[in-house]
Structure formats: structure tokens, C-alpha cells
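Student: Protein sequences appear in the order of chains Y and E.
Numbered by numbering that gives the first Met the number 0, the letters in the first sequence go through residues 0 to 249 in order.
Numbered by numbering that gives the first Met the number 0, the letters in the second sequence go through residues 0 to 426 in order.
Don't read these hints as lab results, they were simulated from the structure.
No false leads were slipped in.
Cβ-Cβ distance ranges computed for the label pairs, FRET-style: (1) E:N372 <-> Y:N65: 28 to 34 Å; (2) Y:R181 <-> E:K411: 39 to 45 Å; (3) Y:N188 <-> E:E420: 38 to 44 Å; (4) Y:S70 <-> E:I34: 47 to 53 Å; (5) Y:H108 <-> E:E420: 19 to 25 Å; (6) E:E420 <-> Y:G11: 38 to 44 Å; (7) Y:D194 <-> E:G365: 50 to 56 Å.
Backbone N, C-alpha and C define an ideal beta-carbon position, used for all residues, glycine too.
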Amino acid sequence: MLQIKNLHARVGDKEILKGLTLTVNAGEVHAIMGPNGTGKSTLASIIAGKEEYEVTAGEVTFNGKNILEMSADERAREGVFLAFQYPVEIPGVSTTNFMKAAVNAKRKHQGLEPIVAKDFLKMMNEKRQLVELDKSYLSRSINEGFSGGEKKRNEIFQMAMLDPMLSIMDETDSGLDIDALRIVADGVNKLKTKDNAFLIITHYQRLLNYIVPDFVHVMYDGRIVKTGDKNLALKMEERGYDWIKEEVGA
Amino acid sequence: MAFTDNIESAFETIGKDNLSEVRKTALENFKTLGIPSARHEEWKYTNIKTKLKENLKLVASAESQVAGKAKINVFKAIEGTKLVFINGYFSPAQSTITPQSGVVSGSLKELRSQYTEVFAKYFNKATDSTTENFAALNTAFAQDGAFIYIQKNIKATQPIFIINVYDAASSDVFTQTRNLIVAEDGAEVNIVEDFQNTGGEKTYNHVAEIFIGKNAEVNYTYLQIENKQTTSINSIEAKLEKDARYHISTLTFEGQTVRNNVNAYMEGENAIATLNGLYLGKETAHIDSHILVDHRVPHCDSHQVYKGVLDDESTGVFNGKIFVRKDAQKTNAFQSSKAILLSEDASVNSKPQLEIFADDVKCSHGAAIGQINKNELFYLRARGIDEATARGILTYAYGSSIIDAITLPELKDYLYTKLKERLNIAF
Numbered sequence: 000m001l002q003i004k005n006l007h008a009r010v011g012d013k014e015i016l017k018g019l020t021l022t023v024n025a026g027e028v029h030a031i032m033g034p035n036g037t038g039k040s041t042l043a044s045i046i047a048g049k050e051e052y053e054v055t056a057g058e059v060t061f062n063g064k065n066i067l068e069m070s071a072d073e074r075a076r077e078g079v080f081l082a083f084q085y086p087v088e089i090p091g092v093s094t095t096n097f098m099k100a101a102v103n104a105k106r107k108h109q110g111l112e113p114i115v116a117k118d119f120l121k122m123m124n125e126k127r128q129l130v131e132l133d134k135s136y137l138s139r140s141i142n143e144g145f146s147g148g149e150k151k152r153n154e155i156f157q158m159a160m161l162d163p164m165l166s167i168m169d170e171t172d173s174g175l176d177i178d179a180l181r182i183v184a185d186g187v188n189k190l191k192t193k194d195n196a197f198l199i200i201t202h203y204q205r206l207l208n209y210i211v212p213d214f215v216h217v218m219y220d221g222r223i224v225k226t227g228d229k230n231l232a233l234k235m236e237e238r239g240y241d242w243i244k245e246e247v248g249a
Numbered sequence: 000m001a002f003t004d005n006i007e008s009a010f011e012t013i014g015k016d017n018l019s020e021v022r023k024t025a026l027e028n029f030k031t032l033g034i035p036s037a038r039h040e041e042w043k044y045t046n047i048k049t050k051l052k053e054n055l056k057l058v059a060s061a062e063s064q065v066a067g068k069a070k071i072n073v074f075k076a077i078e079g080t081k082l083v084f085i086n087g088y089f090s091p092a093q094s095t096i097t098p099q100s101g102v103v104s105g106s107l108k109e110l111r112s113q114y115t116e117v118f119a120k121y122f123n124k125a126t127d128s129t130t131e132n133f134a135a136l137n138t139a140f141a142q143d144g145a146f147i148y149i150q151k152n153i154k155a156t157q158p159i160f161i162i163n164v165y166d167a168a169s170s171d172v173f174t175q176t177r178n179l180i181v182a183e184d185g186a187e188v189n190i191v192e193d194f195q196n197t198g199g200e201k202t203y204n205h206v207a208e209i210f211i212g213k214n215a216e217v218n219y220t221y222l223q224i225e226n227k228q229t230t231s232i233n234s235i236e237a238k239l240e241k242d243a244r245y246h247i248s249t250l251t252f253e254g255q256t257v258r259n260n261v262n263a264y265m266e267g268e269n270a271i272a273t274l275n276g277l278y279l280g281k282e283t284a285h286i287d288s289h290i291l292v293d294h295r296v297p298h299c300d301s302h303q304v305y306k307g308v309l310d311d312e313s314t315g316v317f318n319g320k321i322f323v324r325k326d327a328q329k330t331n332a333f334q335s336s337k338a339i340l341l342s343e344d345a346s347v348n349s350k351p352q353l354e355i356f357a358d359d360v361k362c363s364h365g366a367a368i369g370q371i372n373k374n375e376l377f378y379l380r381a382r383g384i385d386e387a388t389a390r391g392i393l394t395y396a397y398g399s400s401i402i403d404a405i406t407l408p409e410l411k412d413y414l415y416t417k418l419k420e421r422l423n424i425a426f
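Okay, chain Y solo, but in the shape it has when bound (with noise of 0.2 Å):
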């Protein structure tokens, strides 16, 4: 499904990720952790389609197709999701209407008509069930006076609403209590089908307690220098980082 071959990329002068290559295929759920300052997150927006960073060498190809020529709105109708770190707050933007744009994007993408208001609210009702949102989050303005523990709730929601191919999790259990940590792992197993697949990008092992993955990749230096199973998310936590970094000779 996701195919990325020796991906370089820049944002300003500073090089971050120096020749990564992944393979993702559906069904799988792989988890990328390491330090900070690994090139983790500048990976995720890579894909989603964020301008700021300079590919300079490498591809990125997703179904077959070379996602770097997409915009990020293509990419997400081609069904890539991002759920962010840091959702956006946007006061005046209904989560509701925001949603309606979405599947009807997707739905124009895919030659499909307008979703029927009724279907609409009928499948917003049964998603916001799976990560426990209260129906008065959805008249509200985007992440206005969220929680962050709300925020990534919602970021699951709208997963759940455009039923993304592949759902990239970037550090979505950064500051979430144990309960809210349960909810959104509830949620993406739930969400979790042979066809579909996760890349959870994450700094602990934590989350990987409740969503197990199937590959655990380490990065560091804008590479991945180990993959193993869940084990080695295991390992990671029980040793930290510094072994890693003696291997790699750096």
C-alpha cells in the first residue's frame, strides 16, 4: 500500500531524514518510535502532504502512485489520514459542517453523489460512539476549548468518519490520561480491518500495549535503523535509547 524508498528530506538548510525506506502493506499495523528530534513527525506530514518540508531525493508511492505530485486534499481523498499531534483549533467551523465537506469531498472523488442529510447524521452518530464524543461536540467549533484528551478523540473521529486506507497516528497518545488513552486504542481496533492499515507514530510503548503492532521500526538520524516485533517496543522501553545509538555508531 505504502511504499517509501530512501526518502531525503529538508526543511530550510537542515536535512531530517537521510534515506528512510518503509513498507506498508494492508492489514498491517507497523509503529515507528525514537528519540526526539528523529525526523518522526517530519515522516508523517511527509506523507500527509505538508508544504514546509523539501523532498530531495527518494519516493513515496501509495497504491502504486506517486504521492509527492498529490496535494495534501488529494492525498486524503486517495485515503490517507493524518491524525494530527497537535489538532487545529478553528473557531467559526462547525465540527459538523467540517465533516460534511470532507465525506463530500471524498464522495465527489470517488463519483459519488452528496451524502443524504439523515445518512449523514446517522453515521456521525454511530462514530462518535466508538471514541465516547459527546453529541455536543459536533455543533461546536473545531477543537474550540477541547481538551487534549477531546482533541484526540476527535482526530479518531474523523478517522472513523472518511474510513482512510491508511491512518498515519502522529504521537496521538502525547498527553492523554490512561482513560483517554483506552478510548482512542478502543477506537482504531475497532476501526482495524484487513484492507485498511496504521502507522503510529509514537515515543513510548505505551499506546502499543493496547494497539499491537505488527512491525516496530526505530528511527534515528532521519533513518530506520531497527525493525522487529512488538518486542522490540518491549525492549525499547525497558533500555531507552542509548543502546540504539552505540549500534548505530553515532
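For chain Y, the structure is supplied; the task is to place chain E on it using the hints.
Tutor: Frame of chain Y; chain E shown alone:
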């Protein structure tokens, strides 16, 4: 200008009535004042001389302005009195007046001889024909417009709509229309004034005088929504007495050249004025909001929020003057002016002006000019919404707060829909 050359002969064609004396004085004033050039401080950013067409004429004959057959919006979905003016003249056939005791509304041309005392007391008392060029011209030539008179302690139960429609028949006429609105002590009224251009190019000069008595309330919504080829000068001048409440919202979604003078004179203690505006320019539109709040007495509050959105090569002007006179202690005056520029060729001139002569006042103002927030834009696009729509949604979010503050619920719904249409978004 061509129309100023034969101004005397045009003036001759107006019949005599109880306003003839005021008119004559105004004509003399206008002859002295003339059309302001860009050297005039108040017209520095709007060179009106170059915006008025050469072939404009001042016509004072109603008969030449036969109503067109164009489809007009009479706000059918909203209950209320509808006063329809076609090319500047009252159209009884298209108007519907809901009768209510103590509420007078209709054509100024028809009612001025019936309410002579009211006209003697108020007409031309809010504008200053000795200094305001276009107010003088208007006073000299305006024949018709809306007259709304709410008598003491009467609350108008339904809103009153003033619907001004211009069609191709009036495109070479520099139309002068005049409203007189009087809310006596304790009276309350909601007024919606709308301008629609169904023909080609149109130029008009409109003056609305509003008098708000003690403890009276006037809510005024001024709409310039379908006016693509319109060049207009609008002066909305309100005088507030003790404990009066005034809320005006000006919404400009279209227009070639639009000048809005919105003046509020605080003449009685504890009066409250709220002046809001939302203006959207595209292509080569030029929209100039000239706001004046004159605090003449102590203990009054004024609150201004203006928001602009300028796209393509459009230009905007915000000139907001707050005057606090020496006696106007304990004044509370707030002003916020914001504009977002959607294109590199769009521009705005923002000039807040505070002139404070009292020493115990609370005044604040803020001006900001910016672009659409990049993080917000990316957030919407990351959900599959294309860039143009995402910009539309964010512009809607920014502008709709001005509509939020309008009191009539059905009108708000109409305006939200119109704003979405204007920004090409649907949800």
C-alpha cells in the same frame, strides 16, 4: 462632471413642497462643496471623481423610472413589512405593509406632507449639508425613500424591510434616495435595508437619517449583497438620545465602488451603539468603510467590529474615527478592524483614529491585516477538502461572526446562506 454642469436646470424640475427651503440651501452648499477630490482628507483612498461616470445625470422625474420586470428578492420567507423601491421610487404594487398602531412606514415622497411636524423636527438634522458633499447633493435632489416613524413606547412587532432595486432603466442616472427613520422615546424597531442591482452599471447616493429617542432601540441591517456593477455612496447617520440602543451591521458582498459612511452621534447619556461590518471584495472592487462615533456626552458605550476579505485586485479602506469630546467622561469605546488578503494583488488601507479630549475614558482599538492561517488550511486539506473550498470555509468562519451578532433569526439564516454562496462553499 457632466451632471454638475446642468445642476440648476435639473433642480428646477423638482416641484415645490414643505422641504423646498431645505433643498435650496443644500443645493447652494453642494455648489460650494462640489465633488471631493483625492486631496480631501476623507476621500484620500477613494478618488470618487474618477469613480463616477462622465455621462451621469440627475433625474428628478418618477415617471421616467418605470419599474422593471426583473425578479426581485422580497424576502418572502421572512415575515414583515416590505417597502419596495424601484430605481429610487416607491412601488406600492410590490410592497406589503403590515399595519400596526403607532408604526408608520412607507414612501417618504408620499408621507412628507402628511407628517410635516416630524419632518420639520428631524429631516436633515442628522446629516450636515454644510460639510458633507454627498449629503448636500442628496438633500437637494432626493425625492423618495423610506419613511419609518415609530411612535412613543411602541415596539414594532415585525421587522421592516426597505428593498431598493435598480434595473437597466436607471443605469445612467445618479439616483439620490433618502430615508428618514424616527424611533420616539421607548420605541423599538428592526429594520433591514437591502440593495439589489438587477441591471447593468448603477450609481446611487443614499442617505439614511436615524433618530433614536430616549430608551428607544433601532436594529439596522444594511445589505449590499447583489450589487456587482454598483457604484454607491451610502451615509447612515444616527443620533442617539439618553439610554438609546443602536445596532447596525453593514454587509457588503459585492460592489464596484462602495463607500459606506456610518456615523453615530452619542447625544444622551448611557446610550449604546454597536457598529459591525463585513465586506468582501473581489476582482477590481473597491470598498470603503468610513466610521465615525462621536461621543458628545458622558457614560456612553460604543463598540465597532469590522472585518474585510479582499481577493483578486480588490481594495478596501477602513477609516474608523472615535471622537470623545471634553465633556464625554466615562466613555467606553472599542474598535476592532481586521482584514484578510486572499491574493497578493489585494490591498487594504486601515486607519483607526482616536481623538480623545476627555481624561476619564476607556478607549481601545486594534487593527490587523493578515492572511488565511496556514495551519488551519492544512488541517482542512488533510481531510480531503480542496484548497479553494478550504479557503472559503475559513473565510466563512472568519466572517460569519458578524452575522452571528444580528438579532433576527430568519435573516441570519438567509445571510449565512448568502455568505456561503458568495464564497462558493456548501455544507
